[in-house]
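Protein sequence lines correspond, in order, to chains A and B.
Per the UniProt record's numbering, the first sequence runs over residues 1 to 250.
Per the UniProt record's numbering, the second sequence runs over residues 1 to 329.
If you're looking for bench data, these hints aren't it; they were derived computationally from the structure.
We put the beta carbon where it would ideally sit given N, CA and C, even for glycine.
A few of these clues could be false.
[What the hints assert, rightly or not] Label pairs and their calculated CB-CB ranges:
hint : chain 1 : residue 1 : chain 2 : residue 2 : range
1    : A       : G152      : B       : I12       : 40 to 46 Å
2    : B       : V103      : A       : R67       : 48 to 54 Å
3    : B       : R125      : A       : P93       : 21 to 27 Å
[Claimed, not checked] Coverage of chain A stretches by chain B, computed from C-beta distances (three or more under 8 Å per stretch; other residues unrestricted):
hint : segment
4    : 92-99
5    : 107-115
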Amino acid sequence: MTEPVLKLSGLSKAFGALKVTDAVDLDLRPGEIHALIGPNGAGKSSLIKLVAGELAADAGAIHFDGREISDLDQISRARFGLTRTFQVSSLIPEFSARGNVMFAAQARRRSVFGFLRQVISDKDLVGDAMHALDRVGLADRAAVRVSELSHGEKRLLEIAMALAMQPRIFLMDEPMAGLGQEGSARLIGFLDKLRSEAPILLIEHDMEAVFQLADRISVLVSGRIIARGTADEIRNHPEVRTAYLGEDAA
Amino acid sequence: MRDLITEHRLNILLALILLGGPLIAHFADEPFLVTLATRATILALAGVGLNIALGLGGLVSFGHAAFFGLGGYAVGILASHHQNYEPLMTAPFLINGSNQMLVLWLVAIVVSGLAALFIGALSLRTSGVYFIMITLAFAQMIYYFAISWPAYGGEDGLSIYVRNTFPGINTLRPLDFFLLSYAVLMLVLIAQWRLTGARFGIALQAVRQNEGRVAALGLSPYRIKLAAFVISGMITGLAGALYADLNRFVSPTMMSWHLSGEIMVFIILGGVARLFGPVVGACLFVLFEHVFGSFTTHWQFFLGAALLAVVLFAKGGFIGLVAGRARHD
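Bound-form chain A, shown alone (with noise of 0.2 Å):
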């Protein structure tokens, strides 16, 4: 078996008295999508927000690629390569969508303190912008202001910034929310082959697409791992029926 890029162990995180982490054991594997699936307020995203260092662990351990990264902040964990795509769109809206890939691609580069070359003019800067627009299928709406773009365009310009960022892991939380039946199918193809570049933990309540694309599935309820396999395997998991996907799924 190949090393895991990305492993949680015993990781754990309470608000109060309430555990929205506990004691969780996970592994994203070179080339495998893994989705982690759970009803509303499992803690799924909390989960996330652990990874990115977007929130403190209260205990447990965070290895990327060997490499302990629980201490780390969430800044020097991006620059590591893990990037998080949002649940609910989290974009720069005064920018075109150009001009928001054009600063992932940036941030990339870790390049801040420019201050004469227009960012405009910069040949590798657009380029990769256009390169990452024209993968989502956004190219045609590069120079549209962002709070002028739909929703659905919102969710592929985010995957979009995420390329730009060319990561080793991606973390995406809930990509196809509100996406429709015909986006969400032409993103499941996407992501399909997205894995191959870079493995994806993924968030989904679209059943189907996880179902779909998940080369493993972890059930997380109230906080804890309760099942993990193939879509098979869960599908038919007693405890999961009962717990997540209600009696009379499947």
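On the provided structure of chain A, position chain B as indicated by the hints.
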């Protein structure tokens, strides 16, 4: 609604008006109006400084008078030592005063930049109302320090008997000093215009709009904001240096919170984050002060009314009213 004029053209027009007005005044033998325009130009420069922090970075500093005053005092103190032929210090090494503007400006920029680095490093750990209050608190500390330090005039301030010199021009002539101040303002505006579209400006504007996103992309919002705050403080400090020479006088009033508020008013009147916003705002301010001030001491009533009108009906300030919404890529 179609915009009346593009912002770029409007800016060029405004720059020409600010240059043409005093030239006409000079040839009409109205030196006082030239000096008035110089005052507006220098105050505009102070506003340009704050606009980088407030407009581009969303950092509502209520303490920029501190940098304005430090820049002024840097000039006043060095000039007074020069006048009295007393070195500023003799040990461990000799530092003499100076009457060279280029030297004085450099000192003013360094002093205000260091102060901005210190104040920014502490206050940027907060945000929102706390940031406003803590910048105000730092400025007030420096203000009271200046009042209670008798060596350089304390409350009475410090006079500069002869305006400092600049190579090649006679700074005592109002038009020469105006043109010098105008040139400095234009150079700084060109620098800001370049900066806004360069990587630093893009990062700063991104921080204002979505700080969390910037951190998630692996850039430190704190460092970006601190750099902007320092640049901002240095420009306002340079304005303070020019202001000291304009009045040939520095006093703690330059650092009072009224002045911090006035600099902010320039930006709001003219248009927040707009390149020429503070220029328009400072000109309007000086115009109000001169026109309404000539028949009532309560001229600020009219300023307040104008400010209220802008805040209620024209959020983009004067520039926004005429040139429409800002364009970004």
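Contradicted hints - numbers only:
As far as the earlier hints go, not one is violated by this structure.
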